[in-house]
Structure formats: structure tokens, C-alpha cells
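> Under this note's numbering, think of the first position of the sequence shown as 2, with each following residue one higher.
Keep in mind that the hints are not guaranteed to be accurate.
Claimed, not checked - The list that follows gives simulated cross-link-like pairs (lysine-lysine, DSS-like), each with its CA atoms no further than 25 Å apart: (1) Lys-126 - Lys-193; (2) Lys-191 - Lys-58; (3) Lys-126 - Lys-114; (4) Lys-211 - Lys-58; (5) Lys-211 - Lys-193; (6) Lys-58 - Lys-126; (7) Lys-193 - Lys-58; (8) Lys-133 - Lys-193; (9) Lys-193 - Lys-114; (10) Lys-191 - Lys-114.
Read the hints as simulated data drawn from the structure, not as lab findings. None of the values given here were measured: they were computed from a predicted structure.
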Amino acid sequence: MNTKTNNHPPVSGHERIETNNLLMIVLILVVIAIGGIVEIVPLFFQRSTTQPVEGLKPYTALQQAGRDIYTREGCYNCHSQMIRPLYAETLRYGHYSVAGEFVWDHPFQWGSKRTGPDLHRVGGKYSDEWHKVHLNNPRDLVPESNMPAYPWLERTPVDAESMPQHLRALRTVGVPYTDQEIAQAGEAVKGKNELEALIAYLQVLGTSVK
Numbered sequence: 002m003n004t005k006t007n008n009h010p011p012v013s014g015h016e017r018i019e020t021n022n023l024l025m026i027v028l029i030l031v032v033i034a035i036g037g038i039v040e041i042v043p044l045f046f047q048r049s050t051t052q053p054v055e056g057l058k059p060y061t062a063l064q065q066a067g068r069d070i071y072t073r074e075g076c077y078n079c080h081s082q083m084i085r086p087l088y089a090e091t092l093r094y095g096h097y098s099v100a101g102e103f104v105w106d107h108p109f110q111w112g113s114k115r116t117g118p119d120l121h122r123v124g125g126k127y128s129d130e131w132h133k134v135h136l137n138n139p140r141d142l143v144p145e146s147n148m149p150a151y152p153w154l155e156r157t158p159v160d161a162e163s164m165p166q167h168l169r170a171l172r173t174v175g176v177p178y179t180d181q182e183i184a185q186a187g188e189a190v191k192g193k194n195e196l197e198a199l200i201a202y203l204q205v206l207g208t209s210v211k
């Protein structure tokens with residue numbers, strides 16, 4: 002009688018994982034979960050990442066309106082607001098970004114690309130008039146700039162009617178606006194145009210950390 006012998010070596014543990022798709026997926030998810038617990042969860046318990054830096058104030062109604070315009074126009078697609086703790090970046094842009102500076106940003110504007118420069122420390126770097134000229138036509142100041150112009154901002158009034166409701170919504174997620182600030186939000190932006198609002202926002206960026 003002929004007997005067949007199995008010459009294949011036994012499957013090792015590593016090979017069993019590689020050849021079992023379901024097991025591989027489960028183990029990958031387990032590793033990701035462990036990494037998340039180790040790296041991310043502790044941040045929620047560190048005061049420096051959950052509390053505002055000293056001197057940080059909520060945006061005024063006009064600055065918040067400017068921030069909404071910044072988001073609406075997609076400025077975050079070309080400009081970051083996150084200075085990394087690298088010598089080259091701090092030399093060019095200033096103090097590296099600190100987590101406590103963003104606790105009242107909903108959503109944050111860190112961005113992921115720098116077609117243009119980082120703007121996190123742009124506050125106070127240029128005059129209001131410089132920003133006005135630059136936003137109306139960037140090439141008047143920087144001939145090689147590929148940034149689009151925004152001439153319509155100066156012709157568009159800020160929506161004063163919606164500002165109290167907007168600030169009230171932000172208070173529900175933790176921004177410490179007072180009842181008085183909310184009640185006066187509409188009056189604070191009345192008669193202002195979107196260009197003025199955007200400049201007000203840019204001029205306050207990064208000014209809480211010296």
C-alpha cells in the first residue's frame with residue numbers, strides 16, 4: 002500500500018497572520034488602537050493642551066467675522082497656521098505654535114499645505130493698509146505672487162444680523178463669550194465690510210504668545 006507523506010513544513014505563526022486577511026485586519030486595528038491610546042489620550046489630560054495660554058482672548062465679533070471669511074474663501078488650502086518647533090521655521094515665522102492658542106478655534110485652521118507662507122504669527126507684522134492693498138491685488142506688492150485677488154471683499158458688508166447667533170453657538174462649545182458681547186455683536190460689525198473683518202482677523206493671529 003502506498004502512503005503519501007506531507008513534505009510541507011508546518012505553518013509558522015507569522016505566516017499564519019500573513020495568509021489570513023481577517024486576522025491581519027484585526028491585528029492592525031489592535032495596533033492602531035494601542036498607538037492611539039498611548040499617543041493621543043494623554044493629551045486630553047495635559048493642561049497645556051486643553052487650557053488657553055495666558056492672555057488668550059476670544060475673537061471679537063469683527064475678528065470672528067473675518068475668520069469666517071478666511072474659512073469661506075479657502076485660505077487654509079494655501080496657508081498653514083502651525084509653526085513647527087524647528088529652527089528654520091522659528092527663524093522665519095517666530096515662536097512655534099502652542100496647543101493652548103487653538104482651544105477656542107472651531108474649527109482650527111492649521112492647514113496642510115504652504116503654497117503661501119504660514120500665517121500664525123502674521124498679526125502685527127504688516128499694517129492694515131498693507132493688507133488692504135495685498136488682498137485687493139497681491140501683485141501690487143509681490144509681483145511674483147500667485148495668490149488670487151479678493152477685490153469684492155471691500156464691496157461686501159459683514160452680515161451683522163447673524164453675528165449674535167454665531168457667537169452664541171460658539172459659546173455652546175466652550176468659547177467664553179458673555180451675554181453682553183453676544184448682544185452687542187451685531188452692532189460691533191455694523192457698517193464694516195468683509196475686507197476690514199478679514200484684516201482684523203489677520204492682525205490678531207499669533208499675538209497671544211510673544
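> Each hint should be assessed against the structure and marked as holding or not.
Each hint, compared with the structure:
A C-alpha spacing of about 22 Å is found between Lys-126 and Lys-193, which places the hinted pair at or below 25 Å, so the restraint holds. Proposed proximity of Lys-191 and Lys-58 is supported: the alpha carbons are some 22 Å apart, at most 25 Å. At roughly 21 Å between alpha-carbon atoms, Lys-126 and Lys-114 fall within 25 Å of each other, so this suggested pair holds. At most 25 Å may separate the alpha-carbon atoms for a hinted pair to count; Lys-211 and Lys-58 meet this at roughly 14 Å.
This hinted pair does not check out: Lys-211 and Lys-193 have alpha carbons roughly 29 Å apart, beyond 25 Å. Among the hinted pairs, Lys-58 with Lys-126 is consistent with the structure: their alpha-carbon atoms are about 19 Å apart, no more than 25 Å. In summary, the hint linking Lys-193 to Lys-58 is supported, as the alpha carbons are separated by about 21 Å, within the 25 Å threshold. Under the criterion of a C-alpha separation no larger than 25 Å, the hint pairing Lys-133 with Lys-193 is consistent with the structure, at around 14 Å.
Proposed proximity of Lys-193 and Lys-114 is contradicted: the alpha carbons are some 31 Å apart, above 25 Å. Our distance criterion of 25 Å between C-alpha atoms is broken by Lys-191 and Lys-114, whose separation comes to about 34 Å.
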